[in-house]
Amino acid sequence: MKVTVHFSNLLRQFTDVTCIEVTVSSYRDVLSACLNLLPRFREHFYSQKLYKTLMLLDSDKYVRSFELDFKPKTDKIWLIPTVSGGVSSSFDSLGNLSVFYGASSPISTQEVALRGIDKRIRDSALFGKASTAFDIAQRKTNRDIGVLDNSEDPTKGFGALAPMSASGQNVPLHFGLVRTSGVIINQYIKHIQRGGVDTIRVADYI
Amino acid sequence: MQTVNFTQLLTQLHNHSISEHPKEACGIVTRNFEYIPCKNISDKPKISFIIDPMAILAHEDNIWGFYHSHPGSADPIPSDRDLKSTIFTEYKFLVGFANSVYIYWLNESNTLSFERFNESHCTL
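Protein chains in written order, with the numbering used here: chain R, 46 to 251; chain Z, 397 to 520.
Okay, chain R solo, but in the shape it has when bound:
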């Protein structure tokens, strides 16, 4: 279908145009078309990490990452940046944001490779349908929680354990032996087996 991709003022410094008309079959095609047709946008998309700030809007609805392969609902798409951040510097917040930043899927060769590893883990018999992780404890520095503490030793960078629960987040599991400093998984992965729900302990498998 033919769609018109509009760019906000802020993005026009990178696109040089206000909009482009492209023929696409999915939201992913919209992003690919922008990257292919607009070299300066492509350059900034990667080098300035513009992808971390972008969102796709179909009419007035945000396109989420799992909708990237969906067919656009209207012929008017907006590619717009937003401003984000937050008190947390833990991995979960980035995972959270990536829900919105569907446009950021094809990022770099390194991340594509990581996505491949992640997919292999998810496709394996053990983690085939693991979808929920919880009871993850992380060490945070005082700076992470927004407290300036001059007595903190910057070479250590660890504060008190901060228990947290997260749903739908990537779990930092690796093949082989991994020494962790800042992230500790202390409980379980909820593992959905065929025909039922089961719970396994992470510690049994790493």
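Calculated from the structure, these hints are not laboratory results.
None of the values given here were measured: they were computed from a predicted structure.
C-beta atoms are modelled at their ideal positions from N, C-alpha and C, and glycine is treated no differently.
Just to be clear, a hint being listed does not mean it is correct.
Incomplete in silico selection of chain Z near chain R, CB under 10 Å [unchecked claim]:
1. Q408
2. H412
3. I437
4. P441
5. M450
6. I459
7. P467
8. G468
9. P474
10. D478
11. L479
12. K480
13. F484
Put chain Z on the given structure of chain R with help from the hints.
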């Protein structure tokens, strides 16, 4: 050089950060140094924020900068996560909680710099 009502702006930032607590408040500071509270569309608004891009679209010709809060922090300095939006160097970025507000920016070495937000930062 005309200075804006700095105290009034601080009051608006203060009130929004308190009213949204324990969630992160966020909003737009216009070129007239008026504060426009925006919706935080993050899935985890207690630890992160995403300013509703529709609000940015609606005011994109009249934006001086952006504000967000670090709820409950006595000294709310910017976090590493706050760095990524600073690629838009034409805007100013504020972070704070209650009466404590910092301004932060991307410096020449691509790292985050910040200092106490004061009246000299906002002149027309």
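Hints versus structure:
1. Checking Z/Q408 against chain R: minimum C-beta separation of about 18 Å lies over 10 Å; hint violated.
2. For Z/H412, the shortest C-beta to C-beta distance to chain R is roughly 15 Å, which exceeds 10 Å, and the interface hint is violated.
3. Hint on Z/I437 holds. Least Cβ distance to chain R is approximately 7 Å, under the 10 Å limit.
4. A distance limit of 10 Å between C-beta atoms decides the matter here; for Z/P441 the minimum to chain R is near 9 Å, and the interface restraint holds.
5. A least Cβ separation of about 7 Å between Z/M450 and chain R falls short of the 10 Å threshold, and the interface hint therefore holds.
6. This hint holds: Z/I459 has a C-beta 9 Å from the nearest C-beta of chain R, less than the 10 Å allowed.
7. Given hint, Z/P467 at the interface with chain R, holds; its Cβ is 7 Å from that chain's nearest Cβ, closer than 10 Å.
8. Interface restraint check for Z/G468: the shortest CB-CB distance to chain R comes to about 8 Å, inside 10 Å, so the restraint holds.
9. Using the Cβ-Cβ criterion of 10 Å, the hint placing Z/P474 at the interface with chain R is satisfied: the shortest such distance is roughly 7 Å.
10. A cut of 10 Å between beta carbons decides the hint on Z/D478: the least distance to chain R is about 4 Å, and the hint holds.
11. Here the hint on Z/L479 is kept, as its CB sits about 7 Å from the closest CB of chain R, short of 10 Å.
12. Of the supplied interface hints, the one on Z/K480 holds, with its beta-carbon coming within about 5 Å of a beta-carbon of chain R, less than 10 Å.
13. This hint holds: Z/F484 has a C-beta 6 Å from the nearest C-beta of chain R, less than the 10 Å allowed.
Hint violations for this structure: numbers 1, 2, all remaining hints satisfied.
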